[in-house]
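Line by line, the protein sequences are chains A and B. Quick note: the first sequence uses the working numbering, first residue 2, plus one each step. Quick note: the second sequence uses the working numbering, first residue 12, plus one each step.
Chain A is nowhere near these chain B residues, computed Cβ spacing over 10 Å in every case:
#	residue
1	146
2	166
3	179
4	182
When the alpha-carbon atoms are kept at most 30 Å apart in a straight line, the in silico DSS-like pairs for lysine-lysine are as follows:
#	chain 1	residue 1	chain 2	residue 2
5	A	64	A	75
6	A	64	B	26
7	B	111	A	64
These aren't lab readings, by the way, just hints derived from the structure by calculation. From a predicted model like this one, the values you see are computed outputs, not experimental measurements. Even glycine gets a Cβ: it sits at the ideal position worked out from N, Cα and C.
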Amino acid sequence: MKTIKMMKNLGQLEYFLVALIAITLFNTFLGEKFSSATLVCILIALTVTYKGFVVIDHFMELKGANKNLRFLMKLYFVIFPSLIIVSAFY
Amino acid sequence: MTTPPINRSLGIFPKSWSEEYAGRIPGNIPIWVGILAELTEFALFFVAYFIAKFYYPDIFSQGPQSLHTSLGVANTIILLTSSYFMAKAMSFIRIDNIIKCERYLWLAFSCGCIYLIIKTWEFNWNSLQGFGPSTNEFFTVYYYMTFNHFIHVGWASCAILWVIFRLRNNAYSSQEHSGLEALAVYWHMIDLMWILIFPLVYVLR
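Pulled out of the complex, with its shape left as it was, chain B reads as follows (with noise of 0.2 Å):
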C-alpha cells in the first residue's frame, strides 16, 4: 500500500513515529497534531477539574446532584451511538459501497445535531435552576468543560457535511480515503473526551 503524499511530507514527528518503523497513521498527521493538541486542552480542563475539587469537596460532592442526569446519560449514548455510525461508515467505504457510507455519515451527523439540542436544552434547563458558570467552583469547571465540547461537536458535525458533500462528489474510494478517516478519528477524539466528562461531572460524588 503506498503511503499518502501528506503523512511523508511532515517531517514534524521523530522518524521512529513514521509510518514505516511504527505502523500505519490512520487519517493523516495534521489531523493527528489537531487532536494531540485537543487532547492537552482538555487535559488541562481535567487537571483543573482535579485541583478544585481537591479545594473544594463539599461543592464537588454536591453538585453533580444539582444537574439533569438523565440529559448526560442521553447525550453519552447518542455520542457512542455516533461514533458507531462513524466506524461503519469507515467500513463501508473500504469496500466502495459510497452509498451506506453516506447513510451512516447522515446518522453520525444526526447525533451530533441531537447532541447539540440537548446539550442546549440541559444549559437553559440549569439556567432556570438559577445555575450558571459563576455559581460556584463545581459549575465554572463543568461550564469550561462541557461547553468547550459543545463546541467541539458543532464543527466537527459541520466536518461531517462537508465530508458528505466531498464524498457525493466521488473524492473518496477504497483505495483513497485518509480524509474520511481523518474526520472519523476526529469524531472518535471528541466522544473519548466525553467518556471522560461524563463521570467527573455527572456520576462521581
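Chain A with its partners taken away, still in its complex shape (with noise of 0.2 Å):
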C-alpha cells in the first residue's frame, strides 16, 4: 500500500517539474516582451511564489513534516516575491 502511494507520488514529481520548467519559460518571455511593467513584475513574483512552493511542498518534502521549518521556508518565499513587487513601484 505504502509502495503504491509511493509510486503515484513519483507521477505527481513529473507533472511539477513540467509546471516548474513551464514557468520558467512563462516568465523569461514576460521579461522580454513587456519590460518594466508593474503588472509583469506581479505575476513574475507570484509565479516565483508557486514555484518556492512547490519545490518546499513536493521536493523537498517539508508537506507534512516539521510545521515551523515548512513555515520559515514559506515565509521567504512570500517576503522576497513581495519586495519584486515593491520595487515594480520604485
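From these two lone chains plus the hints, build me the complex, please.
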C-alpha cells in the first residue's frame, strides 16, 4: 500500500517538474516582451512564490513534515517576491 | 518510527520546534542549522539587491539586457531537473532500491556539473563583452549573488559524490537514510535560491 502511494507521488513529481519549467519559460517570455510593466512584476513575483512552494512541499517534502521549518521556508518565498512587487513601484 | 539520535541530542531549538511537537525534521538538525544560516546569507544579498535597485533604477533596468538570458534559463531548467532527480533518489531509497537511488544521484551530480560548466562559460562570455564585478552596481550585485551560488552548487556536488560513496557502502537503507535526506534538503535549498536569483538578475527590467 505504502509502495503504491509512493509510485503515485513519483507521477506527481513529473507533473511538478513540467509545471516549474513551463513557468520559468513563461516568466522569461514576460521579461523579454513586456519590460518594466508593473503587472509583469506582479505576475513574476506570484509565479516565483508558486515555484518556491512547489519545491518546498513536493521536492523538499516539507508538506507533512516539521510545520515550523515549512512555515519559515514558505515565509521566505512570501517576503522576497513581495519585495519584487514593491520594487515595481520604484 | 524511532527518532535518529542526532535529532534528539542537539537542544538548540525551542521545545515547540522538536519532532514531538512540530513534526518530523527531514535529514537532521545540523543540516537545518546550515540551511537557515545559508538562507540568512542569501537574504542579505537579496536585500542589498533591492536597496541598490532603489538607488540605481536605470542601471538595474539595463543590466539584465547585457546578460546571456538563454544561459540563465538553461541553468534554471538544469537545477529544477536536478531537484527532481534528487527527489526521485529519495523515493527509491525508501523502497530499498539502491541501484535506482544511485542512478538518480549520478543524474543530479551531472546536472550540478553541467550547471557549473554553463556558469563558467557565462562568466567568460560576460568578460569577453567587457562586463565584470566592477562594471556597475548591477554587475557587482550579480557577481556577488551568482558566484556565491556557484560555490554552493560546487560543494553540494562534491557532497553528492560522498553520499554515492556511502550508498555503495550500504550506509543507507529504507530504515536509515538521514544522511542522504540531509543532502537532499540542502540541494533543494540551493535550487530554491536560484529560483529567486533568476528573475532578479535575468528577467526583471
